[in-house]
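Undergrad: Each chain is listed here by its residues.
Number of protein chains: 2
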Amino acid sequence: MSAFDNLLAFQRQTEALSSVAERLAWDQETVMPRGAVEQRSEEMAAMEAVLHERRTDPRIGEWLDHAEPEDDEDARIIELIARDYRRASRIPARLATELARQTSLAQGIWADARAKDAPEDFLPVLNDILMLKREEAAALADGGDLYDALLDDYEPGTTQAEIAALFDAMRPRLVALREDVLGAEFQPEPLDGHFSQETQLRLARTCATAFGYDWTRGRMDIAVHPFSSGRWQDSRITTRVVETDPFNCLYSTIHEVGHSSYEQGIDSDHAFTPLGRGVSMGAHESQSRIYENQLGRSRAFTGWLYQRMSDAFGGLSVPDADAFYATANRVTPGFIRTEADEVQYNLHIMLRFDLERDLIAGRLDVENLVEAWNARFLKDFGVAVDRPANGVLQDVHWAVGLFGYFPTYALGNVYAGCLHSALRAAVPDLDEALARGEADPAVEWLRENVQRHGGLYPPRDLIERASGTDISEKPILDYLEEKFSAIYKL
Amino acid sequence: MSAFDNLLAFQRQTEALSSVAERLAWDQETVMPRGAVEQRSEEMAAMEAVLHERRTDPRIGEWLDHAEPEDDEDARIIELIARDYRRASRIPARLATELARQTSLAQGIWADARAKDAPEDFLPVLNDILMLKREEAAALADGGDLYDALLDDYEPGTTQAEIAALFDAMRPRLVALREDVLGAEFQPEPLDGHFSQETQLRLARTCATAFGYDWTRGRMDIAVHPFSSGRWQDSRITTRVVETDPFNCLYSTIHEVGHSSYEQGIDSDHAFTPLGRGVSMGAHESQSRIYENQLGRSRAFTGWLYQRMSDAFGGLSVPDADAFYATANRVTPGFIRTEADEVQYNLHIMLRFDLERDLIAGRLDVENLVEAWNARFLKDFGVAVDRPANGVLQDVHWAVGLFGYFPTYALGNVYAGCLHSALRAAVPDLDEALARGEADPAVEWLRENVQRHGGLYPPRDLIERASGTDISEKPILDYLEEKFSAIYKL
Numbered sequence: 024m025s026a027f028d029n030l031l032a033f034q035r036q037t038e039a040l041s042s043v044a045e046r047l048a049w050d051q052e053t054v055m056p057r058g059a060v061e062q063r064s065e066e067m068a069a070m071e072a073v074l075h076e077r078r079t080d081p082r083i084g085e086w087l088d089h090a091e092p093e094d095d096e097d098a099r100i101i102e103l104i105a106r107d108y109r110r111a112s113r114i115p116a117r118l119a120t121e122l123a124r125q126t127s128l129a130q131g132i133w134a135d136a137r138a139k140d141a142p143e144d145f146l147p148v149l150n151d152i153l154m155l156k157r158e159e160a161a162a163l164a165d166g167g168d169l170y171d172a173l174l175d176d177y178e179p180g181t182t183q184a185e186i187a188a189l190f191d192a193m194r195p196r197l198v199a200l201r202e203d204v205l206g207a208e209f210q211p212e213p214l215d216g217h218f219s220q221e222t223q224l225r226l227a228r229t230c231a232t233a234f235g236y237d238w239t240r241g242r243m244d245i246a247v248h249p250f251s252s253g254r255w256q257d258s259r260i261t262t263r264v265v266e267t268d269p270f271n272c273l274y275s276t277i278h279e280v281g282h283s284s285y286e287q288g289i290d291s292d293h294a295f296t297p298l299g300r301g302v303s304m305g306a307h308e309s310q311s312r313i314y315e316n317q318l319g320r321s322r323a324f325t326g327w328l329y330q331r332m333s334d335a336f337g338g339l340s341v342p343d344a345d346a347f348y349a350t351a352n353r354v355t356p357g358f359i360r361t362e363a364d365e366v367q368y369n370l371h372i373m374l375r376f377d378l379e380r381d382l383i384a385g386r387l388d389v390e391n392l393v394e395a396w397n398a399r400f401l402k403d404f405g406v407a408v409d410r411p412a413n414g415v416l417q418d419v420h421w422a423v424g425l426f427g428y429f430p431t432y433a434l435g436n437v438y439a440g441c442l443h444s445a446l447r448a449a450v451p452d453l454d455e456a457l458a459r460g461e462a463d464p465a466v467e468w469l470r471e472n473v474q475r476h477g478g479l480y481p482p483r484d485l486i487e488r489a490s491g492t493d494i495s496e497k498p499i500l501d502y503l504e505e506k507f508s509a510i511y512k513l
Numbered sequence: 024m025s026a027f028d029n030l031l032a033f034q035r036q037t038e039a040l041s042s043v044a045e046r047l048a049w050d051q052e053t054v055m056p057r058g059a060v061e062q063r064s065e066e067m068a069a070m071e072a073v074l075h076e077r078r079t080d081p082r083i084g085e086w087l088d089h090a091e092p093e094d095d096e097d098a099r100i101i102e103l104i105a106r107d108y109r110r111a112s113r114i115p116a117r118l119a120t121e122l123a124r125q126t127s128l129a130q131g132i133w134a135d136a137r138a139k140d141a142p143e144d145f146l147p148v149l150n151d152i153l154m155l156k157r158e159e160a161a162a163l164a165d166g167g168d169l170y171d172a173l174l175d176d177y178e179p180g181t182t183q184a185e186i187a188a189l190f191d192a193m194r195p196r197l198v199a200l201r202e203d204v205l206g207a208e209f210q211p212e213p214l215d216g217h218f219s220q221e222t223q224l225r226l227a228r229t230c231a232t233a234f235g236y237d238w239t240r241g242r243m244d245i246a247v248h249p250f251s252s253g254r255w256q257d258s259r260i261t262t263r264v265v266e267t268d269p270f271n272c273l274y275s276t277i278h279e280v281g282h283s284s285y286e287q288g289i290d291s292d293h294a295f296t297p298l299g300r301g302v303s304m305g306a307h308e309s310q311s312r313i314y315e316n317q318l319g320r321s322r323a324f325t326g327w328l329y330q331r332m333s334d335a336f337g338g339l340s341v342p343d344a345d346a347f348y349a350t351a352n353r354v355t356p357g358f359i360r361t362e363a364d365e366v367q368y369n370l371h372i373m374l375r376f377d378l379e380r381d382l383i384a385g386r387l388d389v390e391n392l393v394e395a396w397n398a399r400f401l402k403d404f405g406v407a408v409d410r411p412a413n414g415v416l417q418d419v420h421w422a423v424g425l426f427g428y429f430p431t432y433a434l435g436n437v438y439a440g441c442l443h444s445a446l447r448a449a450v451p452d453l454d455e456a457l458a459r460g461e462a463d464p465a466v467e468w469l470r471e472n473v474q475r476h477g478g479l480y481p482p483r484d485l486i487e488r489a490s491g492t493d494i495s496e497k498p499i500l501d502y503l504e505e506k507f508s509a510i511y512k513l
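The listed protein sequences derive, respectively, from chains A and B.
Counted the way our numbering counts, the first sequence spans residues 24 to 513.
Counted the way our numbering counts, the second sequence spans residues 24 to 513.
Don't take each hint at face value.
[As the list claims (entries may be wrong)] Distance windows between CB atoms, simulated:
id, chain 1, residue 1, chain 2, residue 2, range
1, A, Asp-191, B, Asp-292, 53 to 63 Å
2, A, Glu-102, B, Thr-229, 50 to 60 Å
3, A, Asn-391, B, Asp-80, 41 to 51 Å
4, A, Leu-128, B, Ala-192, 50 to 60 Å
5, A, Thr-182, B, Asn-150, 55 to 65 Å
6, B, Asn-150, A, Ala-161, 57 to 67 Å
7, A, Ala-449, B, Ser-112, 54 to 64 Å
8, A, Asp-388, B, Ala-32, 37 to 47 Å
9, B, Arg-447, A, Asp-151, 50 to 60 Å
10, A, Ala-449, B, Asp-80, 52 to 62 Å
11, B, Asp-88, A, Thr-182, 51 to 61 Å
12, B, Asp-80, A, Met-154, 31 to 41 Å
[Claimed, not checked] Residues from chain A that face chain B, not an exhaustive set, calculated with beta carbons under 10 Å:
id, residue
13, Ser-42
14, Arg-46
15, Gly-241
16, Ser-258
[As the list claims (entries may be wrong)] According to the in silico footprint, chain B covers these stretches of chain A (three or more CB under 8 Å from chain B):
id, segment
17, 54-65
18, 69-80
19, 226-240
20, 249-257
Bear in mind the hints are in silico, worked out from the structure with no lab data behind them.
It should be emphasised that the depicted structure is a prediction, and the values quoted were computed from it without experimental measurement.
Note that beta-carbon positions come from the ideal geometry of N, C-alpha and C, so glycine has one too.
Could you put together the complete structure from these sequences and hints?
TA: Structure below.
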């Protein structure tokens, strides 16, 4: 066997094992008995130990030295394996273990602190994690920028300077739009009523099917925080149900279908290679966002959904499909990122991006974090945070060590904007299909131009190839201004 | 760290990983999307490769050479690790991985072939697996008997000669009882009616709770073939529902609760050591059988169940609890092992035991298996097999490589007979509790005398210590003759 074949065979098993670990995490969040926490942490730790040992196996280095690519695809595979090997090898096993242990502990402490609105219970642990992440970042950065080293794990090849420039360009138009919309005379009605779990889940399945979710290679379960999990032939979604707010369930479902369809849509040739996964968190989020927002919250699709929901729930509190469209896109002041509308969502991300850059750089101490969060929220949103659970304690990300992850959400929106422009140009009669509850033409275009490639192209290349233009904030901002000006009759 | 501590720490991780592999197998049988077969077989193979590498790690040999036990428990742990190490080291990694992959794939092929009544679709795959198993047996046997080498995996320390002698001793009395019962003037009525899935599952949960199943460390799902899965804090059961036959669901459930309670009942000190699992398949089956039959199908417990079922289904086709007891123990000609009554069950096992011994010894080819099965069935049961799904295709065992496993079912019955004798002597008023739907006194006795020990004693020792007598077929045969003579008014 050639060095490249050895590399590929070894990687194949590592990919399969990491897929097993992901399935185990799914199990924990959906079906695991509540008394199994201790056993499961032992099982997860054992899987992590095996994976870390494989990712830093010195044979990878030897094979990489001798691997000869036959084409661009081989070259990209080598590049991705080399990248993972380099990163994994820079992190001492002790640090990896300590991070795994601390973040698994911190998750429970965070949840309790949030429930009790007691940041003082969580901040010391967060500080420990921050110190470990800074140590990890220093090991990865090898003299370079700490935050960039972390960001690179989620959005390879992107720097905080690029993100900051992008966000600076977005902010003024988003802030202006937000002010116009919140100050508009016309305000959409909320959706009132009680919506049974059973019917919501049935509709969620209908929506997932409308967006091309392949049920033979997936399934849907309930989780506290919706997520998608798994690849290729086994990519599962989860959703949640709030009986006073059916949009929560339906749009969470469509969002996760976007993530899951990306994995289902990758060419099966790439399975169990480093090309067999979504290429970055930003690229992933571009799919979930375009499914959820540009398609799912479009006038055309909400028209179909209005009829389906009216039938299923025996009438709705809004009078017609136009009013329903406005309701599904309602912009209201709120503290919580995951409940934010398309206009305000990116402002939530910018707040976190700036704070976590300061934390990683050592410009902000954890002990001053609550104050910093609240001051920034007041400045950006004009409202004082009423309690920590609605402020710094709302997200799990930092508790589990995800620093550098937040900006990929906004990047996903920017990518989705670029893709949506190109999609609309390529499929001019898309709205006719969406109005019939059929997202197929859009899904096919995304599959062909984005999803099937998996990890073949770096994220920016992938989006630029698909959209035929350079990455820019203009399409998403134009889209938002046009859409919300119309809805709010500005 | 001492050699023994090293051994224990290493084993701890191996046990955790093997628990992960078991959870993955559970997933495959209960919730996995049907299109994920190929991916899953790759994942299972990767896990098997990791496990095999660990089980044959040369460091184990070194630690074993220097490990010094401080007490009998340490000595038993060393004995079990040494046994696994010796066995695993004899199997080439290629063979272990290939078996994992083939058997994971064969499961789906078997299920399709059974559904289509098409043995020709399955037999070629079965032949591949048989060849791999013979190769494995030869590697394990190291010059000894092939079948014994496989049997030893499921019932350590037992030989086919011992089993054959036991079965020879059982056969005449079983055959005579079967003939008397089938020819008796009195024949119990069948249970007629339609029994909704929802109500059956609710009753199944009630029964599981009555038998002490700990729901905080387990769950119940539906599977084609009911099974139990997992250990300690995460031991799950499965059941199935036939809407014309509620006994199928209820007694499958109680049976699996027996298996699962054994795992839940092992001292938590033994978790993640080789003592933290049921000691053999025969010992395991003794628990499931005694829960299902000696307790669950007793006059006392069926009296309680009659009332519960009458209430739940709004009346039953049988007039009273006595008639219901006979119905729940009805002996009728039938093709299917898993639906067989207590009298005929062991005859089904003997058929499989003889056929699989011939297959492994090379005295019978897979291409002649259908014919051999049908001829033997006609001889033993006096009825011609009507279709392959009722014959050779009915069991999944051979498809997943379980050769040498079947006899442990009958051994479990023999063990259950011994334990039941001792239990009745120790808890003379057991029937009073069972008549109230409370199995606690029996469960507590089994937990104290069998379950909590896990792997601490070899299987025969365990059963002999608990029952206070040598292993013998006499108690189970006496019990069967007494019970069925009374029911059938012989």
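Undergrad: Next step is simple, just say for each hint if it's right about the structure.
TA: Each hint tested on the structure:
| no. | hint | verdict |
| --- | --- | --- |
| 1 | A:Asp-191 to B:Asp-292: 53 to 63 Å | holds (60 Å) |
| 2 | A:Glu-102 to B:Thr-229: 50 to 60 Å | holds (59 Å) |
| 3 | A:Asn-391 to B:Asp-80: 41 to 51 Å | holds (50 Å) |
| 4 | A:Leu-128 to B:Ala-192: 50 to 60 Å | holds (58 Å) |
| 5 | A:Thr-182 to B:Asn-150: 55 to 65 Å | holds (59 Å) |
| 6 | B:Asn-150 to A:Ala-161: 57 to 67 Å | holds (58 Å) |
| 7 | A:Ala-449 to B:Ser-112: 54 to 64 Å | holds (60 Å) |
| 8 | A:Asp-388 to B:Ala-32: 37 to 47 Å | holds (38 Å) |
| 9 | B:Arg-447 to A:Asp-151: 50 to 60 Å | holds (58 Å) |
| 10 | A:Ala-449 to B:Asp-80: 52 to 62 Å | holds (55 Å) |
| 11 | B:Asp-88 to A:Thr-182: 51 to 61 Å | holds (55 Å) |
| 12 | B:Asp-80 to A:Met-154: 31 to 41 Å | holds (35 Å) |
| 13 | Ser-42 | holds (6 Å) |
| 14 | Arg-46 | holds (6 Å) |
| 15 | Gly-241 | holds (6 Å) |
| 16 | Ser-258 | holds (9 Å) |
| 17 | 54-65 | holds (count 11) |
| 18 | 69-80 | holds (count 4) |
| 19 | 226-240 | holds (count 4) |
| 20 | 249-257 | holds (count 4) |
Of the numbered hints stated above, none is contradicted by the structure.
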